[in-house]
Amino acid sequence: MRWIWIDRFVEFVPARRAAAIKNVSLAEEHLHDHWEDYPVMPASLMIEGMAQTAGILVGQARDFKEKVILAKITRAEFDDIVVPGDQLIYQVEIENLTAEAASVRGSVLRNGQEIGRISLMFSHIDQNLAGAKFPEENFVFTGQFERLVAPFLEGRDA
Amino acid sequence: MPITEAEVFEKVKETLVEALGVDDDEITPEATLTGDLGAESIDFLDIVFRLEKAFDIKIPRGELFPDNIVNNPEFVQDGKLSEKGLSQLKERMPHADVSEFEQDPDINKMAELFKVQTIVNYVVNKVNHS
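Read top to bottom, the protein sequences are chains A and B.
Letter by letter, the first sequence follows residues 1 to 158 of this note's numbering.
Letter by letter, the second sequence follows residues 159 to 288 of this note's numbering.
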C-alpha cells in the first residue's frame, strides 16, 4: 500500500500544469482522531496532496527518471476548514524547472472555491547533495503514481 | 538606464523575505544567508529562481553561489583553502568581499561570504553589464 492522497487527475498538461481531485470521506480513519467530535481534514495532508499532484507533474516532465523529493514548503495558507463530504481540487503549475530542482505554485479549491494557496520546491536528489549516493532504482515513482497519470499520456511516446 | 544599487537592494530584500520567511528589518547588507537568515541548501536554489524572475536575468548554476570549490581536493589543505583555492574563489566570486575570509580561510567559515551584499553586487554587475 502506498500513501496516496489524491484520487484522480482531472487535468495534466506535461511540464506545465495539473489538477487532481481528492474526495474527503468519513470512511478515512484518521478523520475520527482529527477530531473525534468534529472531523476536519488535516492541513498537512492537503499539503501532501498538493505535493503528490505537483511531484508527479515535475517527475513526468523528466520522464520519471529523476528522484523528485519535496524539499521546501515555501508557502501554505488556508482560509477555511475542510470536512467529510467536501471535494478538494489541487491545481498546480510549474514556475521553474531545472536540472536540479523545480518550484511550483498551487491553489486548493473546496467545492470549487479557492480556500488555500501552497508553493513548494522539489529537489532532483541525484543532482544535489554533493554526490551523496541514493539507491539505483527510482523509489519515488512506482506503479501507483504512474497509473494515476497514465490516462492523460496515452498516445504519447513513452 | 542602469539600475542603482539601492534599487537592487530593495528588490533583493523582497526576494529574501519571500524565500526565507524573515522580516524585512533582518535584511541588512552584512547579514549572512545561512548564519543570520537561516538559509538551507534548497533555499539557495529558491533564491536563484526568484532573482531570475525579479530581475529578468539568467543565473547559470554555480555562478552566484559556487558549489564545487570546497569539494575539490586541489583547493583544500588541512580544512583551509589553499593559495590556489583562494585565487579560484576570487576569480569565481568577484561579487564577494573575501578580505576578512582570506586572513583565515577555514572552509567552515566560507558560508560567511554569502551575505546580502554579495547578492546585491552580483545582480548590479549582471544587470548593468549584460
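For the record, the hints were derived by calculation from the structure and aren't laboratory data.
Predicted model only: the values in this text are computed from it and were never measured.
Even for Gly, the Cβ is constructed at its ideal location relative to N, Cα and C.
Be aware that a few hints might be false.
Residues from chain B shown here face chain A by an in silico Cβ test under 7 angstroms; the list is partial [what the hints assert, rightly or not]:
hint: 1; residue: Asp182
hint: 2; residue: Ile200
hint: 3; residue: Leu203
hint: 4; residue: Phe207
Do the hints match the structure? See the list:
1. Asp182: violated (17 angstroms)
2. Ile200: Cβ of isoleucine 200 of chain B sits 4 angstroms from chain A, so the hint holds.
3. Leu203: holds (5 angstroms)
4. Phe207: holds (4 angstroms)
The structure is inconsistent with hint 1 alone, although it conforms to all the rest.
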